[in-house]
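Using the sequences and the hints given, assemble the complete structure.
Chain by chain, the residues:
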Amino acid sequence: DGGITQSPKYLFRKEGQNVTLSCEQNLNHDAMYWYRQDPGQGLRLIYYSQIVNDFQKGDIAEGYSVSREKKESFPLTVTSAQKNPTAFYLCASSMSRNRGGTGELFFGEGSRLTVL
Amino acid sequence: EDQVTQSPEALRLQEGESSSLNCSYTVSGLRGLFWYRQDPGKGPEFLFTLYSAGEEKEKERLKATLTKKESFLHITAPKPEDSATYLCAVQHTPNAGGTSYGKLTFGQGTILTVHP
Chain A
1 DGGITQSPKY LFRKEGQNVT LSCEQNLNHD AMYWYRQDPG QGLRLIYYSQ IVNDFQKGDI
61 AEGYSVSREK KESFPLTVTS AQKNPTAFYL CASSMSRNRG GTGELFFGEG SRLTVL
Chain B
1 EDQVTQSPEA LRLQEGESSS LNCSYTVSGL RGLFWYRQDP GKGPEFLFTL YSAGEEKEKE
61 RLKATLTKKE SFLHITAPKP EDSATYLCAV QHTPNAGGTS YGKLTFGQGT ILTVHP
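Chains as they are written, first to last, in the working numbering: chain A, 1 to 116; chain B, 1 to 116.
No wet-lab data here; the hints were simulated from the structure. Possibly wrong hints are sitting among the right ones.
Covered stretches of chain B, going by a simulated chain A footprint (3 or more residues, C-beta under 8 Å) [as the list claims (entries may be wrong)]:
(1) 18-25
(2) 103-116
Derived DSS-like pairs: lysine-lysine, alpha-carbon spacing no greater than 30 Å straight-line [unchecked claim]:
(3) B:Lys69 with B:Lys103
(4) B:Lys63 with A:Lys57
(5) B:Lys103 with B:Lys42
(6) B:Lys69 with B:Lys59
(7) A:Lys57 with B:Lys59
(8) A:Lys57 with A:Lys70
(9) B:Lys57 with A:Lys9
(10) A:Lys57 with B:Lys42
(11) A:Lys9 with B:Lys42
(12) B:Lys69 with A:Lys83
(13) B:Lys63 with B:Lys79
(14) B:Lys57 with A:Lys83
(15) B:Lys63 with A:Lys70
(16) B:Lys42 with A:Lys14
(17) B:Lys79 with B:Lys57
Simulated DEER-style distance windows between Cβ atoms [to be verified]:
(18) B:Ala77 with A:Ala81: 28 to 38 Å
(19) A:Gln56 with B:Lys68: 49 to 59 Å
(20) B:Glu55 with A:Ile51: 25 to 35 Å
(21) A:Arg112 with B:Glu58: 30 to 40 Å
(22) A:Gln56 with B:Gly41: 36 to 46 Å
(23) A:Lys57 with B:Glu55: 47 to 57 Å
(24) A:Leu11 with B:Ser83: 19 to 29 Å
(25) B:Gly41 with A:Gly16: 38 to 48 Å
Where is the CB? At the ideal position from N, CA and C, for every residue including glycine.
Structure (structure tokens):
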């Protein structure tokens, strides 16, 4: 079945450590996104990528980094520079606009990061 | 800057008790308004896209409507399995030469609980 796979589902990190969250999709979507969700707040965009080897900062990119070396993969690194990294992280993908895609996003199951 | 406000924050209904969720938005040229459903600990699942005032979409017990300032998600005769957080998001029309597909601004969500 086509979909988006995020791993790990739960992750604990000590302060000062970098961690990388994995996101893989087999939907053949061009665009991929990382969102952060905190209790009582809407989803906030961290980074997005419209094509391979290209990505743009979202609204809250500070303290995060990404890469897009393959169409299927869009890993997110939470660096030690991120002041408040404990959150629920969601990866999503969508068709490109020139293929008729719009804001219909397909989300993964999420990764919950806790900083100890 | 696009803004989305959802109300109420939480709604408790008895099974069969119909009601509506509200999504008020401010956007510089609406390209689309989107409704998602999110179960606890899961990623959001796409429900509807609305493009212009007066448009309506239906799916089972859910009906989404759109005006120039807000959208409603009507739930008719809800069942306990309709319990979830419902998220609203908007996408603005990009400037000439720009692309904004997938860059959604989300509301904080309405937590719906339906009791048997």
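Mind listing which of the numbered hints don't hold for this structure, in increasing order? 1, 4, 7, 9, 12, 14, 15, 18, 19, 22, 23, 25
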